[in-house]
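Work the whole structure out from these sequences, hints included.
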Amino acid sequence: MDLKILVVDDELSINDILTTALKANGYKATSAFSGKETRSFLDSFKPDLVLLDICLPDEDGFDLCKYINSKYSIPIIMLTARNDVVDKVLGLELGADDYITKPFHIKEVLTRIKVALRRVEKYKNYSITNVLNVNSNIKIDIESRTVKAYDKEVKLKPKEYDLLEFLTQNKGRVFTREELLDRVWGDEYDGELRTVDVHVRRLRSKLDNENCGSIIETVFGVGYIMR
Numbered sequence: 001m002d003l004k005i006l007v008v009d010d011e012l013s014i015n016d017i018l019t020t021a022l023k024a025n026g027y028k029a030t031s032a033f034s035g036k037e038t039r040s041f042l043d044s045f046k047p048d049l050v051l052l053d054i055c056l057p058d059e060d061g062f063d064l065c066k067y068i069n070s071k072y073s074i075p076i077i078m079l080t081a082r083n084d085v086v087d088k089v090l091g092l093e094l095g096a097d098d099y100i101t102k103p104f105h106i107k108e109v110l111t112r113i114k115v116a117l118r119r120v121e122k123y124k125n126y127s128i129t130n131v132l133n134v135n136s137n138i139k140i141d142i143e144s145r146t147v148k149a150y151d152k153e154v155k156l157k158p159k160e161y162d163l164l165e166f167l168t169q170n171k172g173r174v175f176t177r178e179e180l181l182d183r184v185w186g187d188e189y190d191g192e193l194r195t196v197d198v199h200v201r202r203l204r205s206k207l208d209n210e211n212c213g214s215i216i217e218t219v220f221g222v223g224y225i226m227r
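Start counting the sequence shown at 1; every next residue gets the next number (our numbering).
Hints are computed from structural coordinates only; laboratory data are not their basis.
Fair warning: there could be bad hints in the mix.
[Unchecked claim] Lysine-lysine pairs mimicking BS3-like chemistry, simulated, CA-CA at most 30 Å apart:
1. K36 with K4
2. K46 with K148
3. K102 with K114
4. K66 with K155
5. K206 with K139
6. K102 with K148
7. K155 with K46
8. K171 with K107
[Unchecked claim] What follows is a list of derived Cβ distance ranges for each label pair:
9. C212 with A24: 48 to 58 Å
10. I17 with R227: 40 to 50 Å
11. G213 with S34: 41 to 51 Å
12. S44 with V222: 40 to 50 Å
C-beta atoms are modelled at their ideal positions from N, C-alpha and C, and glycine is treated no differently.
Right, dumping it as structure tokens:
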């Protein structure tokens, strides 16, 4: 396994436990203890996923999450000691793909990493060129997992891409939040339903055009549909 995980946590014991467990399970793992170190490792280590603590000595984890999301298309799992829904939703809004509340069991961390990486890894060796049309202005290249809107490439997070592709493949069908969570995130993911709402909102902000309306419609009391 050549997948690389960057563990960002200033608590030495927690960082050591995580990196040791990751290496024991076949990942290449390295540690960062500050925002400054993290920014350096993003370019030199080139991680496939970042485990990111919210509280760092030199930088707020939310700000660092926003920075990573703006520069790189890699999954981010937030680590937080605060079991506050507002914090979790804020992390998702800023580009995190998942969150884990401390104290945690190492098996939970490994499972969530596996889920976050599964769909990204699935497409690395995808060999069939296939283009999906969201509409006349937005196209998905499945082979490269890229999206173009109005002739410009739009940067999507892995789960944003997965959700967009899934809805495009199933146009005209209404899905509940529970169904989307199961079909896109997988049955091993036990996050909150509002995770779906956050990702739909992010897709709309990146792809909607005021002259064309929203690409994803809300079916009140039910869920979402792409016409």
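Which earlier hints turn out false for this structure, listed by number in ascending order?
The structure conflicts with hints 6 and 8, although it agrees with all the remaining ones.
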